[in-house]
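There are 2 protein chains.
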Amino acid sequence: MSKFFSQIDQLSVTNQSLLCIGLDTDTHKIPQILKNDADPIFSFNREIIDSTADLVCCYKPQIAYYAANGAEQSLCKSIDYAQQKGIPVILDAKRGDIGATAKMYTAEAFDRYNADAVTINPYMGFDSVLPFLEYAEKGIFILCRTSNPGGSDLQNLRLDSGLLLYQHLASLAANQWNHNDNVGLVVGATREEEIAAVRKIVGNMSFLLPGVGAQGADVASMMQHGKGGGMIINSSRAIIYASNTSNFAQAARRVALETRATINQHR
Amino acid sequence: MSKFFSQIDQLSVTNQSLLCIGLDTDTHKIPQILKNDADPIFSFNREIIDSTADLVCCYKPQIAYYAANGAEQSLCKSIDYAQQKGIPVILDAKRGDIGATAKMYTAEAFDRYNADAVTINPYMGFDSVLPFLEYAEKGIFILCRTSNPGGSDLQNLRLDSGLLLYQHLASLAANQWNHNDNVGLVVGATREEEIAAVRKIVGNMSFLLPGVGAQGADVASMMQHGKGGGMIINSSRAIIYASNTSNFAQAARRVALETRATINQHR
Numbered sequence: 076m077s078k079f080f081s082q083i084d085q086l087s088v089t090n091q092s093l094l095c096i097g098l099d100t101d102t103h104k105i106p107q108i109l110k111n112d113a114d115p116i117f118s119f120n121r122e123i124i125d126s127t128a129d130l131v132c133c134y135k136p137q138i139a140y141y142a143a144n145g146a147e148q149s150l151c152k153s154i155d156y157a158q159q160k161g162i163p164v165i166l167d168a169k170r171g172d173i174g175a176t177a178k179m180y181t182a183e184a185f186d187r188y189n190a191d192a193v194t195i196n197p198y199m200g201f202d203s204v205l206p207f208l209e210y211a212e213k214g215i216f217i218l219c220r221t222s223n224p225g226g227s228d229l230q231n232l233r234l235d236s237g238l239l240l241y242q243h244l245a246s247l248a249a250n251q252w253n254h255n256d257n258v259g260l261v262v263g264a265t266r267e268e269e270i271a272a273v274r275k276i277v278g279n280m281s282f283l284l285p286g287v288g289a290q291g292a293d294v295a296s297m298m299q300h301g302k303g304g305g306m307i308i309n310s311s312r313a314i315i316y317a318s319n320t321s322n323f324a325q326a327a328r329r330v331a332l333e334t335r336a337t338i339n340q341h342r
Numbered sequence: 076m077s078k079f080f081s082q083i084d085q086l087s088v089t090n091q092s093l094l095c096i097g098l099d100t101d102t103h104k105i106p107q108i109l110k111n112d113a114d115p116i117f118s119f120n121r122e123i124i125d126s127t128a129d130l131v132c133c134y135k136p137q138i139a140y141y142a143a144n145g146a147e148q149s150l151c152k153s154i155d156y157a158q159q160k161g162i163p164v165i166l167d168a169k170r171g172d173i174g175a176t177a178k179m180y181t182a183e184a185f186d187r188y189n190a191d192a193v194t195i196n197p198y199m200g201f202d203s204v205l206p207f208l209e210y211a212e213k214g215i216f217i218l219c220r221t222s223n224p225g226g227s228d229l230q231n232l233r234l235d236s237g238l239l240l241y242q243h244l245a246s247l248a249a250n251q252w253n254h255n256d257n258v259g260l261v262v263g264a265t266r267e268e269e270i271a272a273v274r275k276i277v278g279n280m281s282f283l284l285p286g287v288g289a290q291g292a293d294v295a296s297m298m299q300h301g302k303g304g305g306m307i308i309n310s311s312r313a314i315i316y317a318s319n320t321s322n323f324a325q326a327a328r329r330v331a332l333e334t335r336a337t338i339n340q341h342r
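Quick note, the sequences are listed as chains P and H, same order. Our numbering puts the first sequence at residues 76 to 342. Our numbering puts the second sequence at residues 76 to 342.
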C-alpha cells in the first residue's frame with residue numbers, strides 16, 4: 076500500500092473520518108472580509124484548513140480554479156499548509172497525455188506541487204497512465220464513472236463484451252494497471268448502482284467519491300453500495316461556501332461535522 | 076466557420092502550409108547558448124517562431140512543459156508573440172471536467188492565455204465539452220483517436236452498436252456537439268486506416284494530426300486517407316530540436332521547409 080493510502084487509513088481512525096474537502100476556491104466566492112489580504116485564495120484555504128483539519132482524511136484542490144486565476148503560488152502554499160497539519164492532498168487535475176508529456180504532468184503534480192495523490196483521465200490508455208503509476212508512494216485516482224450528466228455519454232456505452240465502458244476501465248485498472256498497489260478510482264457518489272458494479276469488479280480498491288453535498292448524493296445508499304473497500308468521500312461547495320460572512324470558517328466546520336457524522340452513521 | 080478556422084484557411088494559402096509546429100519546449104533541451112537568457116523558454120520559442128512563421132498555419136504549445144517548470148509567463152509571452160506575427164495558437168491542454176470546472180478551464184485557455192484554439196478530452200461527456208463549444212470564434216479540438224500505443228486501450232473498444240469507441244465519439248462530435256461549427260478532432264497521423272474511418276463519419280471537419288516527424292507517420296498515406304476536409308499537421312521535436320547548436324533556429328527552419336514540402340506534395 077502506498078504512503079498516501081496508509082495516511083488515509085490512519086486518518087480515517089484518528090480523525091474518525093472518510094471526508095475529503097474540495098478546495099475549489101473561486102475568487103468570486105471568497106468572503107469580502109478576505110478580499111484585501113495579500114493572498115485571498117491562500118487566506119481562505121488556510122482558514123478552511125484550520126477549522127476542519129481534525130475532521131477530514133484529506134483535501135482536494137481542483138487545479139482549474141487556480142489556473143484560471145494565475146494562482147499557482149496560492150495552490151503551492153495551500154498544499155504545503157495542509158501537509159504541515161498532517162493532512163494529505165489530492166491534486167484534482169485529471170491530466171492525460173502521451174508518455175513524454177505525461178511525465179511533465181507528473182512533474183507538475185509531484186515535483187512542483189508536491190501533491191500526495193492526483194486524479195488522471197484514462198482516455199489515452201496505459202502509456203498515458205504509466206508515468207503516474209511509477210510513483211509508488213502516491214495515490215493515483217483514475218476517472219472511471221463520473222457524477223456529471225454527460226458522464227454517461229461515453230462511460231456508459233455498452234461494449235460487445237457485454238461490459239459497459241466504465242466497467243471495462245475498472246477491470247483494466249484493477250487487473251493490469253495496479254502493479255504498485257497505488258491506484259484508486261473516481262466514481263460519482265450519485266451513481267449508487269454503478270458504485271456497486273465497480274466494487275464487484277475491483278475488490279477492495281479505494282474509491283474517490285465526489286458528489287456529496289451540492290450535488291445531492293444519498294450518503295446512506297452510497298455507503299451501502301460502496302462497502303468492501305476504501306472510500307474517500309468528497310464535498311466541496313456545500314462545506315467551503317456554507318457562509319460568506321466573516322464566520323465562514325466556523326460555518327464550514329459545522330457542515331463538515333454534519334457531513335462526517337452522516338458518513339460515520341453508515342460506515 | 077470560427078475565426079480560428081478562417082485564419083487557418085487563409086494561412087494555408089498565404090503560407091502554403093498545413094504545418095503546425097509543436098512548442099513542446101523542454102528546459103533540458105534548450106541550446107546552451109540560451110541558458111543564461113532572462114527567460115530561456117521564451118527566447119527559444121521566439122527564435123523558433125521568427126525562423127518559421129512564414130512556413131506554418133499555427134503553433135501548438137503543450138502546456139505540460141510549461142506547467143512542469145512554473146513557466147506560465149513564458150507561455151503567455153510565446154502565445155502573444157506568435158499572434159503578433161499573425162499566426163494563431165492551439166493550446167494543447169487536453170482538459171476535461173464537470174461543467175463548473177470546465178468553465179474555469181475555458182478561463183485558463185481563453186482569458187489567461189488568449190489561445191485561439193484548445194485540445195480537450197471527451198471522457199466526461201457533453202457537459203464537460205459544452206463550456207468550450209460556447210466560444211464560437213475559437214477552435215475546439217476533441218481527442219478522438221490518439222497516436223500513442225495505449226490509444227487503443229479504450230478508443231478501439233468495439234461497442235455493441237458495431238462501432239469502435241473513437242468512431243462513436245467522432246459521430247457525437249460531428250452530429251451533436253458542433254452547433255457552433257468550431258469543432259475539430261485530434262486523430263493520430265500514424266493511424267491511416269482510422270483517419271479514413273473518421274473522415275467518412277465526420278465529412279469535412281478539421282483534423283489536428285500529431286505524429287509527423289519523431290513519431291514517424293507516413294505523410295503520403297496520411298494525406299491520402301485524410302482527404303475531404305481540413306487537416307492541420309503537427310510536428311514538434313523533429314523540428315524544434317533539429318539541432319542544439321547556436322544554429323538551432325536555422326536547423327528548425329530547414330526541417331520545417333522539408334516537412335511543409337512533403338505535405339504539399341500530397342495536398
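Calculated from the structure, these hints are not laboratory results. Fair warning: this is a prediction, and the values are worked out from it, not measured in the lab. Do not take every clue at face value.
Identical copies carry no separate label here, and so any pair may be met within one copy or between two of them.
In silico lysine-lysine, BS3-like type, Cα no more than 30 Å apart, as pairs [stated by the list, open to error]:
| # | residue 1 | residue 2 |
| --- | --- | --- |
| 1 | K104 | K160 |
| 2 | K104 | K178 |
| 3 | K178 | K110 |
| 4 | K152 | K275 |
| 5 | K152 | K302 |
| 6 | K152 | K110 |
| 7 | K178 | K152 |
| 8 | K104 | K78 |
| 9 | K78 | K110 |
| 10 | K275 | K160 |
| 11 | K110 | K275 |
Against the structure, the hints come out as follows:
1. With identical chains, the CA atoms of K104 and K160 are at most 30 Å apart within one copy only, with a shortest distance of 25 Å there and 38 Å across copies.
2. With identical chains, the CA atoms of K104 and K178 are at most 30 Å apart between copies only, with a shortest distance of 15 Å across copies and 34 Å within one.
3. With identical chains, the CA atoms of K178 and K110 are at most 30 Å apart between copies only, with a shortest distance of 22 Å across copies and 36 Å within one.
4. In this homomeric assembly, K152 and K275 never come within 30 Å of each other (Cα to Cα): the closest approach is 39 Å inside a single copy and 50 Å across copies.
5. For the identical chains of this complex, K152 and K302 are neighbours neither inside a copy (35 Å) nor across copies (50 Å), given an alpha-carbon limit of 30 Å.
6. With identical chains, the CA atoms of K152 and K110 are at most 30 Å apart both within one copy (18 Å) and between copies (28 Å).
7. With identical chains, the CA atoms of K178 and K152 are at most 30 Å apart both within one copy (23 Å) and between copies (24 Å).
8. In this homomeric assembly, K104 and K78 never come within 30 Å of each other (Cα to Cα): the closest approach is 34 Å inside a single copy and 33 Å across copies.
9. Proximity of K78 to K110 under the C-alpha cut-off of 30 Å is found in neither arrangement, the shortest distances being 37 Å within a copy and 37 Å between copies.
10. Proximity of K275 and K160 under a CA criterion of 30 Å is satisfied in neither setting, with 35 Å inside one chain copy and 56 Å between copies.
11. In this assembly of identical chains, the alpha carbons of K110 and K275 never lie at most 30 Å apart, being 48 Å within a copy and 54 Å across copies at closest.
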